[in-house]
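Here the UniProt record's numbering is used: the first residue of the sequence shown is 1, the next is one more, and so on.
Quick caveat, the hints were computed from the structure, so don't treat them as lab data.
Owing to the predicted nature of the structure, the values given are computational and were not obtained by experimental measurement.
Please note that a few of the clues may not be correct.
Cut-off 30 Å, straight-line C-alpha distance, at most; resulting in silico cross-link-like pairs (DSBU-like, lysine-lysine) [unchecked claim]:
1. Lys12 to Lys549
2. Lys288 to Lys65
3. Lys332 to Lys362
4. Lys48 to Lys65
5. Lys368 to Lys645
6. Lys447 to Lys549
7. Lys296 to Lys162
8. Lys514 to Lys12
9. Lys95 to Lys457
10. Lys434 to Lys447
11. Lys151 to Lys95
12. Lys510 to Lys447
13. Lys457 to Lys510
14. Lys33 to Lys362
15. Lys12 to Lys86
16. Lys33 to Lys65
17. Lys162 to Lys151
18. Lys368 to Lys33
19. Lys132 to Lys304
20. Lys65 to Lys510
21. Lys296 to Lys368
22. Lys362 to Lys304
23. Lys332 to Lys549
24. Lys162 to Lys95
25. Lys332 to Lys645
26. Lys434 to Lys368
27. Lys645 to Lys65
28. Lys65 to Lys132
29. Lys48 to Lys33
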Amino acid sequence: MKFKSSEELIQKVWDCVRSNSGIMVLLQLMNIKTPITDADCIRTLACKALAGLARSETVRQIVSKLPLFTSGQLQNLMRDPILQEKRQEHVTFQKYALELLERLSGKTKHRGNDLEVSLANIHRANVVAQTKILFNDRQLLQLIHQHLITKGYPDTAAMLVKEANLGNAITQVSTHQPTKFRYSTTLTPSRHRSLPSPVIQKEETTTIINGTNSNSPAIKLIKKTPQSLISSTPVQNSRLQKQTNSDLVVRVPSQTMLEDLTSPVEQPRVTLDSIITEYLTNQHALCKNPMANCPKFNLFIPHKCPDPKPKIASANNFVVRCARRAIGYQCKSMNRKFIHSRFCPVQTIRSSSDGDFFTCAKFLPGDKSIVVGDYSGDIRIFNLHSGNEEHMFQTHDNYIVHLEPNRSGEFLLTSSTWGRPRSALWGIRGSEMKFALDDEEHVEFSKVNQDRIVATKLEIANIYDANTGQSITRLVPTVSNQYTRNKATFSPFDDLVLSDGVLFDVASGKQIHKLDKLNQTQSGVFHPNGLEIVSNTEVWDVRTFHLLKTVPVLNQRSAIFSPVNSAIYAISMEQELDDGDSTFDSSFKTVDAMDYSSIATIDVKKNIYDLAVNRFDTQIVIVENQGVYQSVQESVVRIYDVGRKRDDEDEQVNDEEDEEEDDMDGSDDEGSDNDVMDFLDPLVINLGGDNENNDNNANNEEDNDDDDDNLLDSESESWTSLSSDSDDSFVDDVFDL
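Based on the provided sequences and hints, a complete structural model is requested.
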């Protein structure tokens, strides 16, 4: 294969490394700890390779969004070697780490202590470097006029006033004369000490020739001999060196130096403009939140960029808050955090068979029944409100790991761990198998019309006709990512399929793009907005294939989006133990689906095998088992109302369950927002009255007053209407029970 240029060759090398999970491998090697004798050398080589790979713009964009860079992990690695005897290798590692930082930040050189480089400092330095320094020329002339007067040149000063028309300006400056320039008292003492002294001051602080003054720190121009001028680089010669001592000296160049400046070797000139610009740049660099676009700098007042405005908290008055909801700052976000941090158990369904336990569950259409799979391969249908089993039939000979009913409630997809068939489509009405998908490990309906099924086996995805079971398209990636738990899925508009980290066009069956592999487990799922892909902790933009952000709270968790796109429910995936058994986490997390901020962590005290959300996001069902996989002691399916706490008057919760679950209020990951919500709870109740249409913010709270108890009773009736419907269930209509 011939390449037109070296750029094409190196681009091919970069693409080859990326397609074979090179970024993930290098990141893992940079965090390696064993073998301890070689760990420093290994991470040095990995950092060198990653720094070279970062020459690719695409790689830079991806790595710049990873915790290695955004959370300061790289700076922590740079501090100390793994083995103290390997300090020489660690110095080399620091060199390549700084090179990597420079490429990621776009900054060519770091000043000061390189080990103290942080993302915030790099960002501030970049903003300062991009700022165009502008100042008022008339103010500079006023300073020159004052300097001439101070030095005893009144005629020259008068001529300057006449030619520059400074009459009124000089009068205004005289009012500022007695006051020395200082920053406001709101600044820290350390900042006061580090500020360069203003140019305009009284005689004891003005610039002098061939002399020093011990009371005014300022800018010092260093005189260089001709030999030093020739041997040094132009940048070094022209540099203005800030002094922290008390000298303020501008030395007149000697005749020899003037001759050197007229020599063919062109040296950068120091001008009054460059001195003022450097002075103002140093002031701008001290700002905590510098802005790239600044108005003209005032030479009489020290510069300071304004601090960002703090986030506006929600109004304590609930009526005001509701009135401002349409235009209020982050009101919708605070509502989402309020609702999805509170869960109340309203129904518990227990297994009637000894030795069996539930493994997965889903809501059936109508939200009046739930379908549950168990360890023996049976499908059970329960009434959502009474908890009674209404129907049962066997689908597999072993553990059911996944099930999905279609929106009409006529068909049910199931998948098991092994045996034949591994997956199948069932008719719920007659409990008969429509067709089997013998070797497929995971199956899902399409999102729009649900007339197709996408099935997964290892890295290969197959699309089947849901009516006939005939294979339509076979999707095979050119280079496999080999995720251990690959699950192919349709996009919200059914035009794309994501399988094994590769996007396919459904119409043509061709591969569109391969996402960089940054985890070993999950391929990813589409966000319901159709614009993003969530793959473990990474969030990818479908339009540009850029990495938007990383969400650490989603690490090794399955993301389940609520139907109204307001929240993500994250449950831990199955974890293998050393003895060959497996277990699950006992808590689930809620994440804001709009900005991926963490909302709450809810502990249910039992292992969570599965979680599902109803179509209105008003209830969730959780499969909870006590014990590890091979020795489950207790198995229940529990239904929770979303957006309210459990109180003592909830008659649907047994007393023994009270001891297990002291409170289903989530442990808030964003305490400040939820503290406001806690304060609003009694206000919501008092404003609720008899209105049964109150939203989920109207929670039941304990109160000793009689009037409040009556209001609580009315609120309980409102919630009971959501969880205790007296109408016949969907299964009654199907089976004519």
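Here is how each hint holds up against the structure:
1. About 26 Å separates the Cα atoms of Lys12 and Lys549, which keeps this hinted pair within 30 Å; it holds.
2. Only pairs whose Cα atoms come within 30 Å are accepted, and Lys288 paired with Lys65 is accepted, the gap being roughly 23 Å.
3. A threshold of 30 Å between alpha carbons decides the hint, and for Lys332 with Lys362 the separation of about 28 Å falls inside it, so the pair holds.
4. Among the hinted pairs, Lys48 with Lys65 is consistent with the structure: their alpha-carbon atoms are about 19 Å apart, no more than 30 Å.
5. Between Lys368 and Lys645, the direct Cα distance comes to roughly 22 Å. Compliance with the 30 Å bound is thereby established for this hinted pair.
6. Proximity of Lys447 to Lys549 is assessed by CA-CA distance (about 26 Å); at most 30 Å being required, the pair is judged to hold.
7. A hinted pair counts as satisfied when its Cα atoms are at most 30 Å apart, and Lys296 with Lys162 qualifies at roughly 25 Å.
8. A C-alpha spacing of about 15 Å is found between Lys514 and Lys12, which places the hinted pair at or below 30 Å, so the restraint holds.
9. At roughly 45 Å between alpha-carbon atoms, Lys95 and Lys457 are farther apart than 30 Å, so this suggested pair is violated.
10. Of the supplied pair hints, the one linking Lys434 and Lys447 holds, its CA atoms being roughly 20 Å apart against a limit of 30 Å.
11. Our distance criterion of 30 Å between C-alpha atoms is broken by Lys151 and Lys95, whose separation comes to about 51 Å.
12. For the hint linking Lys510 to Lys447, the alpha-carbon distance of about 20 Å falls within 30 Å, and the restraint holds.
13. Proximity of Lys457 to Lys510 is assessed by CA-CA distance (about 18 Å); at most 30 Å being required, the pair is judged to hold.
14. Annotation: proposed proximity of Lys33 to Lys362 is violated, straight-line Cα distance about 43 Å (limit 30 Å).
15. Between Lys12 and Lys86 the CA atoms are separated by roughly 35 Å; this puts the pair beyond 30 Å, and the hint is violated.
16. At most 30 Å may separate the alpha-carbon atoms for a hinted pair to count; Lys33 and Lys65 meet this at roughly 24 Å.
17. As the CA atoms of Lys162 and Lys151 are separated by approximately 19 Å, the hinted pair is consistent with the 30 Å bound.
18. Pair hint Lys368 plus Lys33 does not hold up; C-alpha atoms about 53 Å apart against a cutoff of 30 Å.
19. A C-alpha spacing of about 15 Å is found between Lys132 and Lys304, which places the hinted pair at or below 30 Å, so the restraint holds.
20. A C-alpha spacing of about 29 Å is found between Lys65 and Lys510, which places the hinted pair at or below 30 Å, so the restraint holds.
21. Between Lys296 and Lys368 the alpha-carbon distance is near 67 Å, which puts this suggested pair outside the 30 Å criterion.
22. For the given pair, Lys362 sits about 58 Å from Lys304 by alpha-carbon distance, which is inconsistent with the 30 Å threshold.
23. A hinted pair counts as satisfied when its Cα atoms are at most 30 Å apart, and Lys332 with Lys549 qualifies at roughly 22 Å.
24. Taking the CA atoms of Lys162 and Lys95, the gap is about 58 Å. The hint is violated against a cut of 30 Å.
25. The suggested pairing of Lys332 with Lys645 holds, with an alpha-carbon distance near 20 Å, which does not exceed 30 Å.
26. With a C-alpha separation of about 25 Å, the suggested pair Lys434 and Lys368 falls inside the 30 Å cut-off, and the hint holds.
27. For the hint pairing Lys645 with Lys65, the CA-to-CA distance comes to about 37 Å; that exceeds 30 Å, so the pair is violated.
28. Our distance criterion of 30 Å between C-alpha atoms is met by Lys65 and Lys132, whose separation comes to about 28 Å.
29. This hinted pair checks out: Lys48 and Lys33 have alpha carbons roughly 17 Å apart, not beyond 30 Å.
Hints 9, 11, 14, 15, 18, 21, 22, 24, 27 from the earlier list are contradicted by this structure; the remaining hints agree with it.
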